[in-house]
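Engineer: Chain by chain, the residues run as shown.
There are 2 protein chains.
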Amino acid sequence: MPPTQTASPDGRYDVLAAACPTRQVINRIGDRWSLLVLYALESGTLRFQELRRAVDGVSQKMLTQTLRALERDGLVRREIFASVPPHVEYSITPLGRGLSGHIVAIREWAYANITDIEAARERFDARP
Amino acid sequence: MPPTQTASPDGRYDVLAAACPTRQVINRIGDRWSLLVLYALESGTLRFQELRRAVDGVSQKMLTQTLRALERDGLVRREIFASVPPHVEYSITPLGRGLSGHIVAIREWAYANITDIEAARERFDARP
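Those sequence lines, one after another, are chains A and B. With this note's numbering, letter number 31 in the first sequence gets 31, and the count goes up by one each step, no holes. With this note's numbering, letter number 20 in the second sequence gets 20, and the count goes up by one each step, no holes.
If you are wondering where the hints come from, they were derived from the structure by calculation, not from laboratory data. Any given hint could turn out to be false.
[Said to hold, decoys possible] Just a sample of chain B residues kept apart from chain A, beta carbon distances all over 10 Å, derived: (1) Arg23; (2) Ser34; (3) Leu63.
[To be verified] Simulated DEER-style distance windows between Cβ atoms: (4) B:Ala126 with A:Pro94: 12 to 22 Å; (5) B:Ile80 with A:Arg97: 38 to 48 Å; (6) B:Gly57 with A:His87: 34 to 44 Å; (7) A:Gly57 with B:Arg123: 28 to 38 Å; (8) B:Ser59 with A:Arg97: 31 to 41 Å; (9) A:Ala17 with B:Gln5: 34 to 44 Å; (10) B:Arg127 with A:Met62: 16 to 26 Å.
Every value quoted in this text rests on a predicted model; they were computed, and no experiment measured them. Just so you know, even glycine gets a beta-carbon here, dropped at the ideal spot from N, CA and C.
Working from the sequences, and respecting the hints, build out all of it.
Structural biologist: Laid out in structure tokens, this is it:
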């Protein structure tokens, strides 16, 4: 078969290899809620309930799991403030900022191409 | 709450809105197998079995479903050749090519930052 050329230049990493640590990163990005949370945080810090309202349709449990995974990967920072009542704020870390630029590019691509994508779906669904 | 500023400039689309058609695009990208199939096809046309070998760990059923969804969205082209035995080839369409550039940027980001991500995970897991 032709080479897939997906490995890193030094050959150490390949996202297509199930055991490669970078594959876990792609698993994280390849998760709709992770993407949507990063979109919501792109423009600034949000509290948990603000995030929950921003990411239409996310459950409390799923949002908690997603934030925890993003925090574990160092992409999102969680800060607890000892106010009354105490509150928790989430923001994108400098590490996550590098990723979110690429993720925003995908959103812009979706906005620019949604008409073509919907036309493709209609053609596909109309096939005999 | 502060604005999330995720809407398209003309205000027609917002990936964070559950009913927005662009949200479906993000649901497609936010799927690890879609990403991995696009990575595998980035360097050229592949047959089904070549794809299955390239995308380590994908099942025949999941690969079939993923390719069908990518074809429906107009991102991947499926061509049947009347050889003996007949075979089927998959390639990225011009529409999908625009997306795959951004997806490749994410892979490059993952290769460049995997050490920081793994360090963040270790710090997270070591917390009391």
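Engineer: A separate judgement is required for each hint: does it hold in the structure or not?
Structural biologist: Results for each hint:
no., hint, result
1, Arg23, "8 Å, violated"
2, Ser34, "7 Å, violated"
3, Leu63, "13 Å, holds"
4, B:Ala126 with A:Pro94: 12 to 22 Å, "21 Å, holds"
5, B:Ile80 with A:Arg97: 38 to 48 Å, "45 Å, holds"
6, B:Gly57 with A:His87: 34 to 44 Å, "41 Å, holds"
7, A:Gly57 with B:Arg123: 28 to 38 Å, "32 Å, holds"
8, B:Ser59 with A:Arg97: 31 to 41 Å, "35 Å, holds"
9, A:Ala17 with B:Gln5: 34 to 44 Å, "37 Å, holds"
10, B:Arg127 with A:Met62: 16 to 26 Å, "22 Å, holds"
In summary, the numbered hints that this structure violates are 1 and 2.
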